[in-house]
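Participant: Take a look at the letters that make up each chain.
There are 2 protein chains.
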Amino acid sequence: MTPTIGILGGGQLGLMLLQAAIDWNLRVHILDPDAEAPCRNLCTKFSQGSLTDYDTVYQFGQAVDVLTIEIERVNVEALEALEREGKRVFPQPSVIRVIQDKRLQKQFYRDYNLPTADFILTDTRADVALLEIHQPDFFPAFHKLGRDGYDGRGVQRIATVADVGKAFDAPGVLEKAVDFEKELAVIVARNERGDVQTFPTVEMVFHPELNLVEYLFAPAEIADEINRQAQDIARRTAEAFGIVGLLAVELFLDKSGNVLINEVAPRPHNSGHQTIRANVTSQFEQHWRAILNYPLGDTSAYQPAAMVNLLGEEGHTGPAIYEGLENLLAMPGVFPFFYGKAITKPFRKMGHVTVMDDSLEALREKVAEVKAGIRVVSELPARN
Amino acid sequence: MTPTIGILGGGQLGLMLLQAAIDWNLRVHILDPDAEAPCRNLCTKFSQGSLTDYDTVYQFGQAVDVLTIEIERVNVEALEALEREGKRVFPQPSVIRVIQDKRLQKQFYRDYNLPTADFILTDTRADVALLEIHQPDFFPAFHKLGRDGYDGRGVQRIATVADVGKAFDAPGVLEKAVDFEKELAVIVARNERGDVQTFPTVEMVFHPELNLVEYLFAPAEIADEINRQAQDIARRTAEAFGIVGLLAVELFLDKSGNVLINEVAPRPHNSGHQTIRANVTSQFEQHWRAILNYPLGDTSAYQPAAMVNLLGEEGHTGPAIYEGLENLLAMPGVFPFFYGKAITKPFRKMGHVTVMDDSLEALREKVAEVKAGIRVVSELPARN
Numbered sequence: 001m002t003p004t005i006g007i008l009g010g011g012q013l014g015l016m017l018l019q020a021a022i023d024w025n026l027r028v029h030i031l032d033p034d035a036e037a038p039c040r041n042l043c044t045k046f047s048q049g050s051l052t053d054y055d056t057v058y059q060f061g062q063a064v065d066v067l068t069i070e071i072e073r074v075n076v077e078a079l080e081a082l083e084r085e086g087k088r089v090f091p092q093p094s095v096i097r098v099i100q101d102k103r104l105q106k107q108f109y110r111d112y113n114l115p116t117a118d119f120i121l122t123d124t125r126a127d128v129a130l131l132e133i134h135q136p137d138f139f140p141a142f143h144k145l146g147r148d149g150y151d152g153r154g155v156q157r158i159a160t161v162a163d164v165g166k167a168f169d170a171p172g173v174l175e176k177a178v179d180f181e182k183e184l185a186v187i188v189a190r191n192e193r194g195d196v197q198t199f200p201t202v203e204m205v206f207h208p209e210l211n212l213v214e215y216l217f218a219p220a221e222i223a224d225e226i227n228r229q230a231q232d233i234a235r236r237t238a239e240a241f242g243i244v245g246l247l248a249v250e251l252f253l254d255k256s257g258n259v260l261i262n263e264v265a266p267r268p269h270n271s272g273h274q275t276i277r278a279n280v281t282s283q284f285e286q287h288w289r290a291i292l293n294y295p296l297g298d299t300s301a302y303q304p305a306a307m308v309n310l311l312g313e314e315g316h317t318g319p320a321i322y323e324g325l326e327n328l329l330a331m332p333g334v335f336p337f338f339y340g341k342a343i344t345k346p347f348r349k350m351g352h353v354t355v356m357d358d359s360l361e362a363l364r365e366k367v368a369e370v371k372a373g374i375r376v377v378s379e380l381p382a383r384n
Numbered sequence: 001m002t003p004t005i006g007i008l009g010g011g012q013l014g015l016m017l018l019q020a021a022i023d024w025n026l027r028v029h030i031l032d033p034d035a036e037a038p039c040r041n042l043c044t045k046f047s048q049g050s051l052t053d054y055d056t057v058y059q060f061g062q063a064v065d066v067l068t069i070e071i072e073r074v075n076v077e078a079l080e081a082l083e084r085e086g087k088r089v090f091p092q093p094s095v096i097r098v099i100q101d102k103r104l105q106k107q108f109y110r111d112y113n114l115p116t117a118d119f120i121l122t123d124t125r126a127d128v129a130l131l132e133i134h135q136p137d138f139f140p141a142f143h144k145l146g147r148d149g150y151d152g153r154g155v156q157r158i159a160t161v162a163d164v165g166k167a168f169d170a171p172g173v174l175e176k177a178v179d180f181e182k183e184l185a186v187i188v189a190r191n192e193r194g195d196v197q198t199f200p201t202v203e204m205v206f207h208p209e210l211n212l213v214e215y216l217f218a219p220a221e222i223a224d225e226i227n228r229q230a231q232d233i234a235r236r237t238a239e240a241f242g243i244v245g246l247l248a249v250e251l252f253l254d255k256s257g258n259v260l261i262n263e264v265a266p267r268p269h270n271s272g273h274q275t276i277r278a279n280v281t282s283q284f285e286q287h288w289r290a291i292l293n294y295p296l297g298d299t300s301a302y303q304p305a306a307m308v309n310l311l312g313e314e315g316h317t318g319p320a321i322y323e324g325l326e327n328l329l330a331m332p333g334v335f336p337f338f339y340g341k342a343i344t345k346p347f348r349k350m351g352h353v354t355v356m357d358d359s360l361e362a363l364r365e366k367v368a369e370v371k372a373g374i375r376v377v378s379e380l381p382a383r384n
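Chains Z and U, in that order, are what the protein sequence lines are.
If you number the first sequence the way UniProt numbering does, the last residue is 384 and the count never jumps.
If you number the second sequence the way UniProt numbering does, the last residue is 384 and the count never jumps.
Extracted from the complex, chain Z is given alone in its bound form (with noise of 0.2 Å):
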């Protein structure tokens, strides 16, 4: 009665779906290039090999009923032949397909008239730097590899014509810099029948170098108008794709008050991992019930929350130690969750830590607490 369940790639995201899967006791296939995948022992069948190869994608689907995936950058092709096929596959391969490329998804933010950042397609390097002459006043902007780009990768701040040597060589988005005043994410979940939920709006705090998520409070501390426009702009943003499972939406609040789409997600995300532990549904439940097409789940919070990412530290390269778990575990309303992968590199998302209580404030000095109070580091430091 149950289907079998197939999830590309196995990761943390895959992890944490996983722990949300045995609640239904899904059945559920996992394939990662990584054969030490943090999902290889907590699943129906794990198989090692390409997310971006067409055959390894065509095979794997074969084996389930319902497709999903936990990132984005995989074989679509495969994808669409087996949705040809009668495969059910969500988010639909033709959503994957806008996403993954930012000159497509930009473009579509355009066409259905959802609030994002000016913007220009580019085809090479030399278009940037006609526009750094022609167009002055676009600058400072960023210069977006249209395919490819992660986790900071694939971005680059352009701000004068001596920076038009950082832009891409490749198809890209010119994107006008938004002098925001905070970075906030909606989720938003739509399963098949059209029903649609989004969770709070969170506010994130970026990495000052790195493109991360450093820390978040969920709820965002924003006027409710502007939470009425970011709840919105999400919900319509679900719609327009037609998306059958989460969305993620970044956001900017710009310091004349507008809210404009950064860009998306078509998956869980790193802005939800609070919901596990703060929220009656969290998000992982919530993408199943998207994804197998049963009533979505209420989104509310027991507590405002605010989530920690665990980076590996500067100069470790190796096997992970998590230094002072034990005093995490002795804070009330602390949750630190690992993600199980072997070796720690220099920020890599080791795993984060979930942190509830009554106040913002309180929240606050929570996380202070939690930055200092742990690191994930490795028995052998590297050498410099």
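Some hints here could point you the wrong way.
As the list claims (entries may be wrong) - Calculated pairs, BS3-like style, for lysine-lysine (alpha carbon to alpha carbon, straight line, at most 27 Å):
#	chain 1	residue 1	chain 2	residue 2
1	U	K371	Z	K45
2	Z	K349	U	K45
3	Z	K45	U	K45
To be verified - Derived list of chain U stretches under chain Z, where covered just means 3 residues or more per stretch with a C-beta under 8 Å from a C-beta of chain Z:
#	stretch
4	295–304
5	331–340
Calculated directly from the structure, the hints in this document are not laboratory data.
This one's a predicted model, so the numbers in the text were calculated from it and none came from an experiment.
Using N, Cα and C, we set each Cβ at its ideal position, and we do this for glycine too.
Chain Z is fixed; fit chain U onto it per the hints.
Facilitator: Same frame as chain Z, now just chain U:
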């Protein structure tokens, strides 16, 4: 750095322990006699084998650093040997030994001055017959088999001389029947350094015929003074045993307001499943904290909760189907959990449903809806 842990037993309690183990990336080996046990695909290593065979348990224990149980019918001699060789075995074999034998268990309460129903140890059925003649006031009573009784087996109610034939002709304990108002339970955790933490007292409603929890409410609807007694007795019992791990203490509240120990289990327990959803720390996470000697977690609840056991429907034996899952998923604050047992049988524990709401009245209504809304059946009902 993190130890490898072994669990004797791979049923639903093991499954929920594994789910909690994901947060901390614990390496867990499982031993279970059933090749199709619920835990089989969700652990680092699964071994099929007897839990009561010395060599099997001893060999299994050799490969791990910390050994624990999810069922108390295990080979204690093997655990004692492993403990002597320096393995960390929690709960301790000495505690399991006492609890395995209802005669030793009752005597333990008497020795430690812990309140429990009056009892007489018996060796044969003839002993029970003689007592019926010489101490008729002791009846109605329950005759319990010393060893190997569980889930309703090994217990007979002896009201009059006509029932004596049902008494066991083997070492047992005759326990004066308690005219009880309510059945309560308190789960206690104790770690190696001696920290003790109790979960809120719950109220269990048993199935009228089967000796199984049908549903429970948390917190119990009892006077503060009764609650203090229940919490105090549970804590003192855990301390008397010196247990490391969880101790589930089942209690009677009699019609005169006395709280008496019924029996205990040295492991996670059916009376604590609602803690997964409703409490800051679940009983399963608390078990890991206790046996790994971490600080114990906050046991407070976010909301009142109920837990309904999903039993296999009468007249159905075969591959399990969950009729009405979608009804449940549409109800706010209702969380089904299925154990992944392939085959359903009449009254087999196939899953449970946690229900949360602001008041006990609302919970009672939802419990009725849940019980009416879902059935665990088989495609091929057994022919009678």
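Participant: Now tell me, hint by hint, if it's right for this structure.
Facilitator: Evaluation of the provided hints:
Taken as a hint, the K371/U and K45/Z pair is broken in the structure, with Cα atoms around 34 Å apart against an allowance of 27 Å. Pair hint K349/Z plus K45/U holds up; C-alpha atoms about 26 Å apart against a cutoff of 27 Å. Restraint check: the Cα-Cα separation between K45/Z and K45/U comes to about 14 Å, which is no more than 27 Å; the hinted pair holds. For a cut-off of 8 Å, the count of residues in the stretch 295–304 of chain U with a CB near a CB of chain Z stands at 5, and the three-residue condition holds.
Counting residues of the stretch 331–340 of chain U whose C-beta lies closer than 8 Å to any C-beta of chain Z gives 8; at least three are required, and the coverage claim holds.
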